[in-house]
Amino acid sequence: MITAFADPFDTLFQIQSALQAREASNWLQNHTTSQGPFPPINVFQQGDDILAIIELPGIDKDALEIQAKDNTIRISGRKAVAYPIGVSVHRRERSTGEFDRTLSIPVQIDVDAIKAEYRDGILTLQLPRSERDKPRTIQIA
Amino acid sequence: MDPRQELQVQKKREHDQRQETTIPARVFVPTADIYESQDALNVVLEMPGVEKGNIDVRVEEGMLKIEGRLDLSKYQDVVPLYTEYNIGHYARSFRLSSKIDQAKISADLKDGVLFLTLPKAEEAKPRTVKVN
Chain A
1 MITAFADPFD
11 TLFQIQSALQ
21 AREASNWLQN
31 HTTSQGPFPP
41 INVFQQGDDI
51 LAIIELPGID
61 KDALEIQAKD
71 NTIRISGRKA
81 VAYPIGVSVH
91 RRERSTGEFD
101 RTLSIPVQID
111 VDAIKAEYRD
121 GILTLQLPRS
131 ERDKPRTIQI
141 A
Chain B
1 MDPRQELQVQ
11 KKREHDQRQE
21 TTIPARVFVP
31 TADIYESQDA
41 LNVVLEMPGV
51 EKGNIDVRVE
61 EGMLKIEGRL
71 DLSKYQDVVP
81 LYTEYNIGHY
91 ARSFRLSSKI
101 DQAKISADLK
111 DGVLFLTLPK
121 AEEAKPRTVK
131 VN
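Protein sequences appear in the order of chains A and B. Residue numbers for the first sequence follow this note's numbering, beginning at 1 and rising by one. Residue numbers for the second sequence follow this note's numbering, beginning at 1 and rising by one.
For the record, the hints were derived by calculation from the structure and aren't laboratory data. Source: prediction; values computed, not measured. Cβ atoms here follow ideal geometry from the backbone N, Cα and C, with glycine treated the same way. Please note that the accuracy of each hint is not assured.
Only pairs whose alpha carbons sit at most 25 Å apart, straight line, appear in this in silico DMTMM-like list of lysine to aspartate or glutamate [claimed, not checked]:
no.	chain 1	residue 1	chain 2	residue 2
1	A	61	A	131
2	B	110	A	112
3	A	79	A	98
4	B	99	B	60
5	B	52	A	112
6	B	52	A	60
To give a feel for the contact side, a few chain A residues facing chain B, derived at Cβ under 8 Å [unchecked claim]:
no.	residue
7	9
8	79
9	88
So here's chain A without its partners, still in its complex pose (with noise of 0.2 Å):
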């Protein structure tokens, strides 16, 4: 048997996403996945509208860089954790690092219009759906 295909990178994205959707099925029930790259990103549809929302603790805004070009946003930046001079530490559980990592998303999104917030250790990232992606209706006349 021939399999061809017509390109096989996309045939490799497209398992990695289907794997990624596997994982995905299991949200708020009893298994939590956080594993994989940090940070941990959340999509969300509101509406017409795609919504990422990222868990961040305790970033310096000026640490953090978010980058969006055609339907891919890239958020980068580090997370540090620092202690005074002098203290003796007894638990040191938090993670830190260097971290990059890139969203794509299936649908056009509107670049210009992204809104990104940072608020409580947490990264909203708001990607309205461009004009010309959304569906129309069509009327019968």
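Based on the hints, put chain B in the right spot on chain A.
Okay, now just chain B, sitting in the frame of chain A:
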């Protein structure tokens, strides 16, 4: 930690509760850093999404109890498309080894991180004994 290694998400640990809750939401254990200086014990907890008024810190019978409630209302009219983490309230408690001056406990919340300063009671502070 290897600096070349990509920063990974820390798995959320669920809080084991002895009592059942009246609300359906889940409760997670916030990640914590604890450090001690000469006159205070500092506890730093990561509770992303918790607002200032929804935090409860108590010291009872030598136990430090921290609770943070998340406002789940903003998730009411959204449909999940792809999720990587679960959300819930936060709760954690620690048994304190040194005496704490309860009246002077101070808390500061910044960007989802709670900084607690628990000043040691006078009797628990280290004393320098002068040798004649």
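Taking the hints in turn, this is what the structure says about them:
{"no.": "1", "hint": "A:61 to A:131", "in the structure": "violated, 30 Å"}
{"no.": "2", "hint": "B:110 to A:112", "in the structure": "violated, 29 Å"}
{"no.": "3", "hint": "A:79 to A:98", "in the structure": "holds, 6 Å"}
{"no.": "4", "hint": "B:99 to B:60", "in the structure": "holds, 12 Å"}
{"no.": "5", "hint": "B:52 to A:112", "in the structure": "violated, 32 Å"}
{"no.": "6", "hint": "B:52 to A:60", "in the structure": "holds, 18 Å"}
{"no.": "7", "hint": "9", "in the structure": "violated, 20 Å"}
{"no.": "8", "hint": "79", "in the structure": "holds, 7 Å"}
{"no.": "9", "hint": "88", "in the structure": "holds, 5 Å"}
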